[in-house]
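2 protein chains.
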Amino acid sequence: MNRDMQAYLEATESRILAHLGENHVSDTIRVASSYSIKAGGKRFRPYLLFATLEALGEDPMKGADAAAAIEMIHTYSLIHDDLPAMDDDDYRRGKPTNHKVFGEAAAILAGDTLLTESFSIVSSDESLSADKRISIISRIASKAGFNGMIGGQMLDMEAEGKEISFSQLEHIHQYKTGQLIVLPVECACIIADAPPETSGRLIAFAEKLGILFQIRDDILDVEGDMAVTGKEAGSDERKNKMTYVSTYGLEGAHRELAALTDEAAGLLDHLSENINTEELHNVLQMFAVRDQ
Amino acid sequence: MNRDMQAYLEATESRILAHLGENHVSDTIRVASSYSIKAGGKRFRPYLLFATLEALGEDPMKGADAAAAIEMIHTYSLIHDDLPAMDDDDYRRGKPTNHKVFGEAAAILAGDTLLTESFSIVSSDESLSADKRISIISRIASKAGFNGMIGGQMLDMEAEGKEISFSQLEHIHQYKTGQLIVLPVECACIIADAPPETSGRLIAFAEKLGILFQIRDDILDVEGDMAVTGKEAGSDERKNKMTYVSTYGLEGAHRELAALTDEAAGLLDHLSENINTEELHNVLQMFAVRDQ
Numbered sequence: 200m201n202r203d204m205q206a207y208l209e210a211t212e213s214r215i216l217a218h219l220g221e222n223h224v225s226d227t228i229r230v231a232s233s234y235s236i237k238a239g240g241k242r243f244r245p246y247l248l249f250a251t252l253e254a255l256g257e258d259p260m261k262g263a264d265a266a267a268a269i270e271m272i273h274t275y276s277l278i279h280d281d282l283p284a285m286d287d288d289d290y291r292r293g294k295p296t297n298h299k300v301f302g303e304a305a306a307i308l309a310g311d312t313l314l315t316e317s318f319s320i321v322s323s324d325e326s327l328s329a330d331k332r333i334s335i336i337s338r339i340a341s342k343a344g345f346n347g348m349i350g351g352q353m354l355d356m357e358a359e360g361k362e363i364s365f366s367q368l369e370h371i372h373q374y375k376t377g378q379l380i381v382l383p384v385e386c387a388c389i390i391a392d393a394p395p396e397t398s399g400r401l402i403a404f405a406e407k408l409g410i411l412f413q414i415r416d417d418i419l420d421v422e423g424d425m426a427v428t429g430k431e432a433g434s435d436e437r438k439n440k441m442t443y444v445s446t447y448g449l450e451g452a453h454r455e456l457a458a459l460t461d462e463a464a465g466l467l468d469h470l471s472e473n474i475n476t477e478e479l480h481n482v483l484q485m486f487a488v489r490d491q
Numbered sequence: 200m201n202r203d204m205q206a207y208l209e210a211t212e213s214r215i216l217a218h219l220g221e222n223h224v225s226d227t228i229r230v231a232s233s234y235s236i237k238a239g240g241k242r243f244r245p246y247l248l249f250a251t252l253e254a255l256g257e258d259p260m261k262g263a264d265a266a267a268a269i270e271m272i273h274t275y276s277l278i279h280d281d282l283p284a285m286d287d288d289d290y291r292r293g294k295p296t297n298h299k300v301f302g303e304a305a306a307i308l309a310g311d312t313l314l315t316e317s318f319s320i321v322s323s324d325e326s327l328s329a330d331k332r333i334s335i336i337s338r339i340a341s342k343a344g345f346n347g348m349i350g351g352q353m354l355d356m357e358a359e360g361k362e363i364s365f366s367q368l369e370h371i372h373q374y375k376t377g378q379l380i381v382l383p384v385e386c387a388c389i390i391a392d393a394p395p396e397t398s399g400r401l402i403a404f405a406e407k408l409g410i411l412f413q414i415r416d417d418i419l420d421v422e423g424d425m426a427v428t429g430k431e432a433g434s435d436e437r438k439n440k441m442t443y444v445s446t447y448g449l450e451g452a453h454r455e456l457a458a459l460t461d462e463a464a465g466l467l468d469h470l471s472e473n474i475n476t477e478e479l480h481n482v483l484q485m486f487a488v489r490d491q
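Taken in order, these protein sequences are the chains called A and B.
The letter at position 199 of the first sequence is residue 398 when you use our numbering, and the numbering goes up by one with no holes.
The letter at position 99 of the second sequence is residue 298 when you use our numbering, and the numbering goes up by one with no holes.
Heads up, none of these hints are tricks.
Copies of the same chain look alike in the list, so a pair counts if it works inside one copy or between any two.
Here are the simulated DSSO-like pairs of lysine-lysine, each with C-alpha atoms no more than 27 Å apart in a straight line:
#1 Lys440 <-> Lys241
#2 Lys440 <-> Lys299
#3 Lys331 <-> Lys261
It should be emphasised that the hints constitute simulated quantities derived from the structure, not laboratory data.
Chain A with its partners taken away, still in its complex shape (with noise of 0.2 Å):
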């Protein structure tokens, strides 16, 4: 990641939190949902969205608002996902989740407001078109929504426990964390305007980077510590989920893992020369990287 991604990634942090401060009704709500955005995590969709406007030639910093409104979205996915009634973990990136904090009351608002709040940073962002915005909140409500995340948290609920075929999962992950992957290179070549073939072949990638994702978080919930992940080590299997490692072995997964990143550069490489995909090609080596 260069040095410019580092302040992108920093300045939509705080574009987050600023916004998160203008909140003068209760101190509960702006304490429990900066707590979930300070508690970290990798920010990569911020970051692919980023390295996708300078792929495109367009001023990254365009995609500020949008990125945060993406992390924002993410997180509050976070905070429902690890509620006792969903997922029920205990810690998420190294810390208390929000309701082991918060109580459950409050980490359900303070979800709800991310969630919310994320469309009012869209609409006020005054780098960008009123149809641009349309657009990008257009994407962000239909990558996020039923026909999205949601949809696919919902599979995964009812997945739990149960038999399920591996198209079945990989049916469950398209919806439920790959859609949110392709997000961000969406809003990014509706910034950039970019060309049809291009946002295709764009989509595409991102597609595989979602896949790729899943994989790495199902082995680093084998084999990675907490201090790596912040998650508690072996919690898929536990909850006797079916995952990646589950059906291909850890070996396999890794095999997996290491062809899709190869697929994924290859897909890179195929974008016209005017494109520089130095970023991209890092934001994929975040998940290469066996030990990270």
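Place chain B on chain A using the hints.
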């Protein structure tokens, strides 16, 4: 309510259910989110939006998508507020609450769906310019977010079982319920390009309506039977909640309701002569009638 208004409200419900029917990922999400929409309710916010548009001489159907979005936001808030971790209610509108039927996980996700998809509906509203859609999305996010409904719900949760002053009670209601009653009027003013003075007066009317709404709700919690209110009577008292009735007594609350109704009617009478406030008076009467 005139027949046209009835038709607009039916169109609103159809619009929402048609959109929820576009869900092709999770049957559970589609059924659970539609359940709470179909459970009925007064459709008070859409009615207020349509009545305001009619008063402003604009085609009320231009507000159909905004009305659908606001009703979805309202419904999501009820689903989340009814959860065991929040108000823990078993009945709503005479039917078992969402989580009693579908379980907590599905109820959380059905709420998240209605919230997310409300923005999808407004962003794709082709009867309005991109600028107006952005203004409406901005107002919805603002009134439903941390400085609106969510902030108020958090304050309400935190006040439960505590001694609070009457001005604190009013402060809570201003956010928890008031903002989402001002919202349809704001949206109608945006759609109809209402001049600032007119908007200001209509918003002042809506603010009174928000207080009326809460007083009436508190009265019905004591007087109403489940056949009318769809909720179990006396739930506020059981939860040791401070209400208008616990503060003023039942007769006092009725007196307050009558006085505010007169004030709100007076605000309508001071609008310009070009404005036909007949339906807005009808909206107001929904709250003034004792036995409703």
